[in-house]
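Visitor: So the chains spell out like this:
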Amino acid sequence: MRSTFLTLLGLLIAGSGQLTTARQDARSIVAGMVTQDRDGDATAEVRMEVVDSRGRSRFRTLTLWSRTAQEGERQQLIRFTAPADIRGTGFLSLQNGAVREAWLYLPALKRTRRIAGTGRNDRFVGTDFSFRDLEPERVDEYSYALVEETMLDSSAVWVVDARPGESLDDPYSRRRLWISKAESVLLRAEFHDQDDLVVKSYSASDVRQPPGSTKWRAHVLKMESPGEGTRTVLEITSYLLDTGLDSAQFTKRSLERGG
Amino acid sequence: MNALPKALIPLICLHLIPGLANSQPVLSGMLETDNLVYLRQAIDGRVNARNQVRLLTELRLETESPHGIRGSLEFRYDQADASRTRTFLKEAYIQSQLESLDLRLGRQMIAWGMADGFNPTDNLSAWDYSDPLDYEGERLALNAFRADWYGEMWTLQLVLAPGFEGSLLPDADSRWFPTVPAIPEPPGNPRRMQYAARLVGQVGGADLAVSWFDGLDDLPYVRPVAAGADPATLRLQYQFQSRRALGLELARPAGPFMVRGEAAYFLTDDPDGSDPWVDDPYVHFVVGGDRFFRSEAENSLFLTLEWSQEIAVSGGAPTYRVTDLNHLLRRSVLGRAEFHLGSFKTLALEAAGNLYDGGWLVRPSVKLNPSDGLALHLSADILGGPGDSFFGMFADNDRIQARVSYAF
Numbered sequence: 000m001r002s003t004f005l006t007l008l009g010l011l012i013a014g015s016g017q018l019t020t021a022r023q024d025a026r027s028i029v030a031g032m033v034t035q036d037r038d039g040d041a042t043a044e045v046r047m048e049v050v051d052s053r054g055r056s057r058f059r060t061l062t063l064w065s066r067t068a069q070e071g072e073r074q075q076l077i078r079f080t081a082p083a084d085i086r087g088t089g090f091l092s093l094q095n096g097a098v099r100e101a102w103l104y105l106p107a108l109k110r111t112r113r114i115a116g117t118g119r120n121d122r123f124v125g126t127d128f129s130f131r132d133l134e135p136e137r138v139d140e141y142s143y144a145l146v147e148e149t150m151l152d153s154s155a156v157w158v159v160d161a162r163p164g165e166s167l168d169d170p171y172s173r174r175r176l177w178i179s180k181a182e183s184v185l186l187r188a189e190f191h192d193q194d195d196l197v198v199k200s201y202s203a204s205d206v207r208q209p210p211g212s213t214k215w216r217a218h219v220l221k222m223e224s225p226g227e228g229t230r231t232v233l234e235i236t237s238y239l240l241d242t243g244l245d246s247a248q249f250t251k252r253s254l255e256r257g258g
Numbered sequence: 000m001n002a003l004p005k006a007l008i009p010l011i012c013l014h015l016i017p018g019l020a021n022s023q024p025v026l027s028g029m030l031e032t033d034n035l036v037y038l039r040q041a042i043d044g045r046v047n048a049r050n051q052v053r054l055l056t057e058l059r060l061e062t063e064s065p066h067g068i069r070g071s072l073e074f075r076y077d078q079a080d081a082s083r084t085r086t087f088l089k090e091a092y093i094q095s096q097l098e099s100l101d102l103r104l105g106r107q108m109i110a111w112g113m114a115d116g117f118n119p120t121d122n123l124s125a126w127d128y129s130d131p132l133d134y135e136g137e138r139l140a141l142n143a144f145r146a147d148w149y150g151e152m153w154t155l156q157l158v159l160a161p162g163f164e165g166s167l168l169p170d171a172d173s174r175w176f177p178t179v180p181a182i183p184e185p186p187g188n189p190r191r192m193q194y195a196a197r198l199v200g201q202v203g204g205a206d207l208a209v210s211w212f213d214g215l216d217d218l219p220y221v222r223p224v225a226a227g228a229d230p231a232t233l234r235l236q237y238q239f240q241s242r243r244a245l246g247l248e249l250a251r252p253a254g255p256f257m258v259r260g261e262a263a264y265f266l267t268d269d270p271d272g273s274d275p276w277v278d279d280p281y282v283h284f285v286v287g288g289d290r291f292f293r294s295e296a297e298n299s300l301f302l303t304l305e306w307s308q309e310i311a312v313s314g315g316a317p318t319y320r321v322t323d324l325n326h327l328l329r330r331s332v333l334g335r336a337e338f339h340l341g342s343f344k345t346l347a348l349e350a351a352g353n354l355y356d357g358g359w360l361v362r363p364s365v366k367l368n369p370s371d372g373l374a375l376h377l378s379a380d381i382l383g384g385p386g387d388s389f390f391g392m393f394a395d396n397d398r399i400q401a402r403v404s405y406a407f
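Protein chains in written order, with numbering that gives the first Met the number 0: chain F, 0 to 258; chain D, 0 to 407.
The hints are simulated quantities; they were obtained by calculation from the structure and are not laboratory data. Please note that the accuracy of each hint is not assured.
Distance condition first, Cα-Cα at most 25 Å in a straight line; then the derived PhoX-like pairs of lysine-lysine [as the list claims (entries may be wrong)]:
{"#": "1", "chain 1": "F", "residue 1": "K214", "chain 2": "D", "residue 2": "K89"}
{"#": "2", "chain 1": "F", "residue 1": "K251", "chain 2": "D", "residue 2": "K366"}
{"#": "3", "chain 1": "D", "residue 1": "K366", "chain 2": "D", "residue 2": "K344"}
{"#": "4", "chain 1": "F", "residue 1": "K251", "chain 2": "F", "residue 2": "K221"}
Chain F is faced by these chain D residues, among others (derived, beta-carbon under 8 Å) [said to hold, decoys possible]:
{"#": "5", "residue": "L97"}
{"#": "6", "residue": "Y149"}
{"#": "7", "residue": "Y264"}
{"#": "8", "residue": "S342"}
{"#": "9", "residue": "A374"}
Here the structure is a predicted model, which means the values were calculated and not measured. Positions of the beta carbon are idealized from the N, C-alpha and C atoms, including for glycine.
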């Protein structure tokens with residue numbers, strides 16, 4: 000009896016140990032993805048398709064410059080290049096501690112307009128992506144659990160659940176992440192609300208290395224909001240990493256140059 | 000009509016500035032039809048409609064070098080109102096973007112101010128007031144030299160404008176031509192250098208600017224002058240008055256709201272405020288806020304509300320004429336609500352109420368974007384108030400407007 004008890008206890012301890020290892024593995028998998036995803040700066044030409052709930056498409060092309068400052072704060076400058084009626088419109092977003100400051104440049108008015116700081120959960124320029132979706136994963140703010148290892152299309156992937164810390168202002172109760180083993184790239188994600196329903200789903204494809212870089216990047220990103228019936232597809236037609244953009248690129252002066 | 004010779008200046012510069020001759024030209028523009036009908040016929044034979052076509056073309060030459068050139072021409076043809084037909088050079092300038100200095104020379108638009116509805120610190124530009132309710136795209140460029148110096152925390156903007164040009168006023172047969180007082184022919188533009196400087200920066204999370212303007216009012220004053228040797232015989236005469244303005248601007252987020260404000264202290268030609276034909280020195284401030292709401296779905300709502308007030312430094316009642324467009328909002332509330340139904344349809348309601356004279360304006364509108372670059376606008380202007388207020392004076396000018404524009 001005692002032997003049986005010890006055996007059971009041993010199994011439980013062993014099981015607990017395996018669970019701990021799995022958690023650590025999940026965290027290290029995500030950390031590996033974050034490391035692979037990290038860059039000093041990026042310049043991307045993006046073709047964007049936003050499809051509304053009635054299936055009507057709106058196309059935009061834009062140039063996106065982004066940079067992570069030494070303090071880890073994100074800087075973004077977006078300039079729309081098409082269609083003609085919004086050409087030259089610019090958007091500058093600077094993270095300043097917990098606050099994200101934002102300015103909009105409207106070429107027709109020849110004026111830069113300060114706008115209320117965008118929250119991390121706000122939509123990114125009217126798309127299904129939020130600013131949070133486009134930020135690097137903040138590993139310390141979530142707990143991770145490895146769900147399974149499987150195949151997604153032809154890629155071997157880890158499937159990981161990410162749950163936010165209690166104090167975190169995250170609209171999702173959990174996210175399920177599909178991370179490719181070969182490139183450590185997020186290939187798919189599902190965003191669950193408080194009722195555990197999928198409210199957004201993300202998929203990425205065309206994973207390759209931008210010219211001159213050893214990092215892997217998905218060049219087609221798709222975000223769907225099934226509840227709203229909308230979706231956004233970002234196709235990156237040109238991608239340059241770590242070209243040495245400095246903070247001067249992320250100023251109102253730069254914002255106004257395109258207009 | 001001297002626009003075309005001016006347009007040649009950038010072409011000459013093209014061969015003088017290194018790199019520009021090899022630059023790739025980018026042509027863009029907009030074609031717009033603008034039809035407007037007044038709900039009540041004017042009784043005195045004034046123009047009762049607008050059947051207008053407008054073509055705006057813009058040419059940009061940009062290179063890898065820090066130099067660039069830009070020019071735009073506007074052609075406007077109004078079948079119903081010949082006085083609005085014109086061809087003019089909207090912009091034509093060369094620019095150099097150096098290490099921490101931007102230089103721009105030529106005909107250019109300069110827009111200052113951080114408030115939304117009205118900008119008392121925006122004094123360099125003249126406007127096309129041939130239709131005073133049309134304000135979109137009606138800012139006029141000025142011939143100027145502009146230098147922007149970018150420091151670590153602050154930007155200093157300096158403007159020298161050698162040739163003053165006043166705003167365009169409604170023609171005598173326009174429904175917006177004021178009936179009181181009887182006004183003589185507008186004067187020519189006086190030769191006068193205008194100067195302006197603006198320091199823009201950020202303090203404590205707020206965008207701030209301090210500015211100084213020394214120039215002329217863009218609108219002429221009407222005042223009586225002696226008609227001849229007999230000082231008792233008077234006639235009315237247009238005159239552009241000198242004005243200087245010390246400005247302050249602020250824009251700061253406050254939670255989900257944006258707070259915006261501007262104030263300008265205008266020093267006029269009447270320093271003690273005793274000349275009834277000249278603006279007393281006064282302060283004009285605008286303060287308000289806006290907020291953007293987005294629903295979980297693809298719709299969004301933008302609300303803005305502002306208060307505009309003028310305070311005469313000498314105290315007492317302001318003496319500005321009712322028809323002086325720079326003083327329409329001397330104690331007014333301005334509001335705008337924009338409801339975006341996805342990215343294809345926008346409903347908007349604008350309103351202005353002048354608590355000083357009781358005049359008011361309401362403008363509901365619908366904008367449709369059936370495809371990229373194409374926009375259909377349908378709006379109405381409804382005016383009212385006492386007969387001696389500006390909006391009340393033109394209460395018969397209620398109208399419906401339809402515009403179709405295509406950007407290319």
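Visitor: Would you mind marking each hint as holding or not holding in the structure?
Guide: Each hint, compared with the structure:
1. Pair hint F/K214 plus D/K89 does not hold up; C-alpha atoms about 47 Å apart against a cutoff of 25 Å.
2. Of the supplied pair hints, the one linking F/K251 and D/K366 is violated, its CA atoms being roughly 29 Å apart against a limit of 25 Å.
3. A distance of roughly 6 Å separates the Cα atoms of D/K366 and D/K344; the hinted pair therefore holds under the 25 Å criterion.
4. Straight-line distance between C-alpha atoms of F/K251 and F/K221 comes to about 30 Å, which puts the hinted pair past the 25 Å bound.
5. The criterion of a C-beta within 8 Å of any C-beta in chain F is not met by D/L97, whose closest approach is roughly 12 Å, and the hint is violated.
6. Hint status for D/Y149: holds, given a least beta-carbon distance of 6 Å to chain F, under 8 Å.
7. For D/Y264, the interface hint is violated, the least distance from its beta-carbon to any beta-carbon of chain F being 22 Å, above 8 Å.
8. Interface hint at D/S342: satisfied, since its Cβ lies 5 Å from the closest Cβ of chain F, which is below the 8 Å cut-off.
9. Satisfaction of the interface hint for D/A374 is found here, the shortest Cβ-Cβ separation to chain F being roughly 7 Å, below the 8 Å cut-off.
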